[in-house]
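These protein sequences, in sequence, are chains A and B.
Numbering-wise (numbering that gives the first Met the number 0), the first sequence opens with residue 0 and increments by one.
Numbering-wise (numbering that gives the first Met the number 0), the second sequence opens with residue 0 and increments by one.
Hints may be right or wrong, so weigh each one.
[Said to hold, decoys possible] Below, in silico cross-link-like pairs of lysine-lysine (BS3-like), each with a Cα-Cα straight-line distance of 25 Å or less:
1. K389(B) x K183(A)
2. K202(A) x K792(B)
3. K301(A) x K414(B)
4. K792(B) x K418(A)
5. K196(A) x K504(B)
6. K331(A) x K220(B)
These are computed hints drawn from the structure, not numbers from a lab.
The residues making up each chain are set out below.
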Amino acid sequence: MNTTRRQFLRSSSALIALPVFSSFEHKAFAAAKKSKNQLPPKRLMFLSFGWGVTEESWYPDINTPGADYKLPDGLSPLKRHKKDFSVIQGLYNKHSHDGHSGSTFWLTGANRYSQAGVSFTNSVSADQVAAQQFGRHTRFTSMPLNGSHPKISGDGHGEGLSLAWDNSGKPVAGYNSPFAAYHKLFSKGDVSIDQLKTMLNQKRSILDTIQGNAKYLQKKLGKNDSLKLDEYLASIRDIETRLVKEEQWFDIPKPKATLKEPPKEADGKQDIKLMYDIMIAALQTDSTRVITYRQPVRTLLKSIGVNVNQHDMSHYHQTRAEKLDASERRDKAQSALLSGLLDKLKSTKEADGSSLYDHTSLVYGSNIRTGHSLDNCPTIVAGGGAKIKMGENLVVRKDTPLCNLWLTLLKESGVKVDKHGDSTGVLDEIKA
Amino acid sequence: MKVKFLVVCMASFFAVSLPADEKSSHTLFDIKNKTFIEDNCQRCHNAKKKKGKFRVDNLSYKIDSNKTAGIWQKILNSLNAGEMPPEGKKQPEANAKADFLDALASTMVEARKKLSDQNGVITMRRLNRREYKNTLRELLGVEINVNELPADTESGFDTVGANLFMSSNQFEQYLALGEEALEEAFTWELEAGVNHKKRFEAEYLTKKYKKYVEKTLDKQKRSRAWIAKFDEAAGLPENKELYAALKKKHTWKNKVRDKWQELPGAPNPKDFGFKEVHQINSGENPYYLAYHQHYLTLPKAEEGAYISVPTVHPFMLPTGFVEFNTPSKWPPGNYLARVRIGAKQDAPFNRKVIEFGIDAPHGKVMSTHRITGTHEEPQIIEMPFTLTRKHKDRENRQIFIREKASDYHISHKRKFFNEEKKKNGLGPEFVVWIDWVEIERLPNDKRVTPPALKALGISLTDDKGLMRADLLKAFTKFTELAFRNKEVSEEYIEKIYKIYESRRKGGENHRDSLRYSLSIILSSPMFLYISEPLKDQQHKTLSGEEFAMRLSYFIWGAPADAELMSIAKSGKIYDHKVLAKQTERLLGDPRGEDFIHSFTYQWLGLDRLDFFQVDIKKYRTFDDSVKLAAKQEVYESVKHVLSNNLSMKNLLKADYVLANNVLADFYGIEGVKGDHFRKVKLLKNSPRGGLMGMTAVHLMGGNGIETSPVERGAWVLRKLFNTPPPPAPANVPMLSRLSDKVLTTRERQKAHQEDPQCRSCHRKIDPIGFGMENFDAVGLWREEDSYYPHDKKGREIKDKGKTWKIDPAGQLHRGQSFKNFFELRDIVASNTENFTKGFCEALVEYAMGRPTGVSDELLIESMLKDSKGYKMREIILSLVKSKQFRTK
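Just need the whole structure built from these sequences, with the hints factored in.
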């Protein structure tokens, strides 16, 4: 590693620990990856939709816990996978009080009022906790995908740029389309390694210049403002971290694309399906091991011929009719899409002959149950990555922290962590 | 000397007035509520039983920390969810519970606000998306599209620094956008003198009609010939049985033809030039043929073109618009399109309006124009537009003109066509005739070089003779301007120069290297952040330059111009008279529109206007131009009050309305001609005048199909009375008991009054909403309303519904009663003080970039006092003159 750059890195006030490891270590790993004896790595996927579900027809009967439950109508498209996923009932985020932010605190469990003097704070999301550990071995530390348009409200996700929030509780931007994610994963560009090196060096001199300017400014700032500028410095360090990574991955060519280039735009349902394909491709090529996806709802409705406004749909209780119908059709469309994703997870093989499904933990849910209801958050877990009971209607104690589930999944996937958000412990009762 | 003295004075004054008062940072929950807790909770949650590890006997009624707030939040939540007291235990009396919830919810809102009070501390902020765009425009003279940057905030004002984050992706976007803006600016600068002009004749469309009609006739001839042969074969006696069987199997006639191969003697479509039978079916009686033929008989069709409604797919024959391509070699710049146009004299009024835009299938309408010329005496309409470097592709350079297809024409074109056809046997009249269109790229001889390029002061294309010192100087000057007069370090400039130099050495030309290096300056923190350095103090008085920037970003969302800067440097900006004059100048400048738009939009929550699609089948006179005009009405009304220094009361009730022709037509106000907004005096009994009479407000209070008394009532409480109801509580049991009943809106909402957890808020919200029920979902006046249950597809079940006369009468919760909307409006208007207070709070937050808090009470009081009867401009002046405004 280049000394001047190390110095440069060290000189920045370290808020984020840089994943530093020698290129020897890195190459040793890359070689190990090819070995068939090595167990396939664990993966985590978090998928969330805004606006909740139809409570009457999405949840299995809470009185029939266990494997012997009747699949409710809203989940009926998942029938062929019934043995390979579980519904968990009773989870919630105790600090969530706002009926319209379906995803802001879903993976963090944070209390937006936890800090005096500000009206909004958040904390690190479960995926980013995993990414700090799993991300060292892959080209992309994590892949936050975001299908809900940042500008047009209407997907019920609330604040944030994706499901991911960094260590200091700041939003992490996501890839907004299958097209963008595809190119990130597979596009090689037509530059030679030498050119790439020159480009990286230029980027470094930009960062150096800009960081110098930030330091110069910071010297004159008051304490509060200086903290604010740390955000800027942190974002520069993020880029620096990425450059370090790019350098490490120089001599390892990007994987061959396992799928066709997706179109630039697609209608809602197709858009989600394409994003699912991208996820499979990203995992299959071991480009990343941690994925989150903020699913669109507004465009999904449009693409399945529903003309009811999404917010109205989530308040179907008063007049039902077309609003309820829309809500039910949304549930089924979402379940059918998920079913397709599970098909692919199962049929995609690892080097040792097992399937992606066997090593992945997928969570599918929302912070909103329905309307403004924030308890018993809809939660589906699938995959063999964390040894959770599959094929069951798992009813846990009412108002168990969602963070207990995140903690369980993280720990069982091998992440070294003792607490997450407002967790009070792991959910032993859901372990297989 | 005088200035310095003043500064010292203010600084010492601050020491006493700014720090938050200890007493005011907590909220008291009225101790009289203790009885409710004792009666309903304490039996289980006491020191001994501690049921659920929760005690209420030792609760603190002084909410002074987030922890205490959390405990009360828990109580509020479990009461709202109906979990406590548990089923089977004695339940509280409904009214007592409603009152308790009401009190606790409001206390919590206040407590949360106090606990998140920043105590006057303003967090440094980066330029938000709007300011970033404006700032580039001020520096470089170009507008670029910044929509790819993440939206700044979903709640609160976009100026609040604490909520403006920065991510690494964003940083890279700044680099790219900076380069884009620079390249655009370079191009405009270098191509400033270029002039091009070209005239296009519109009759190209007539030629298309001719060709299309010829083709259709030929196809019809061949179709009919084939069908005759087919029928002949079907009529053969030996085919009788077979044909009957086919007909039985395929009841639809055209489907039988599909089976021609099964019928001996039937003709092969290929012999008639068809690949498939469905082409024959559609060719037999083309629906629009007579209409298209009629076009060719119109007078002046040979010398121009008529535009009408869309008929067949525009790919085959674009009947709905004409379009013209701006030659691809013409550079970015300001353009003008001139059209020679006329409308049929006796045609209905609403069909004599055209829309102008770029990219007919996808593009947005850029302007709307009413036609006054006739076919005999056409007029010339000029339509300005701008092309940027992004307008590279053909479709982005193609201008179009179409009839103002109020959306109904388009989305229900077949229906509309049929309605017209019934009247005259043909279809919609051809009203608008176009002779030609001329496109001109305007030279800009009077163009002033934009400030940043002027500061740069070197050639953009040629570095011959440029020494290192020249470049260093150029970079320094550019940076000083970009950094808003903050001091620039030599080291920084040196680094920028090195980057330039390495690009040049790498073989890149001067122009590209320059652009690359400058884009780094436009991504540097001292450009992106509005910084007001502090040295170890808690607060300080802003320097003249900082003060000027705060003022200009408040009103323009952009940096101060040269005039304001020179006043700032001389220190005169601290003089109240000079400051007032400058503030008024900024407000009156075209850039002052930024305040009107962006503040008003966020203050009144106009984002809701884009949440819903209006059902244009139900509301036929509503379309996109009405929506645009309705939004504009809000802005124009605020602007009117501001520029005429009127009382805020005019926004609650007025005997005038601000309208253009589109809006006046929609409201049924006569005699308003022309596209511009102007003040129109109202008749005495008009429900218009003031926000509560505006379509925009009613649109937001509904979903585009039906009204929502709850949304409307809550909006009035929030924005007009300035007594916001608490946010919708989570986990309240949903009401679905009445879902299949046919009820009036009032009857349905009565359910809100049954459960105390609903009643606690809805008793305040609903009466106001009902008082506004005379406005339908698009804000038109009505006396009656009806309800039809919907089927699953959302269609009304016609034989099940009912219609009733609207009864707007009601009473505010523990307040005045009203017989109708007019009396309700009077009650609201009599509360101008509260309304104005809400405005002041919003203004302080917006201007200072931090939430308004308890510590601002004195400031707001003085703004009200200075307002000389709630005058908007006086309020703004009072704010900018205040000590807080010039304090960091």
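Hints broken by the structure, by number, lowest first? Violated hints (numbers, rising): 2, 4 and 6; every other hint is consistent with the structure.
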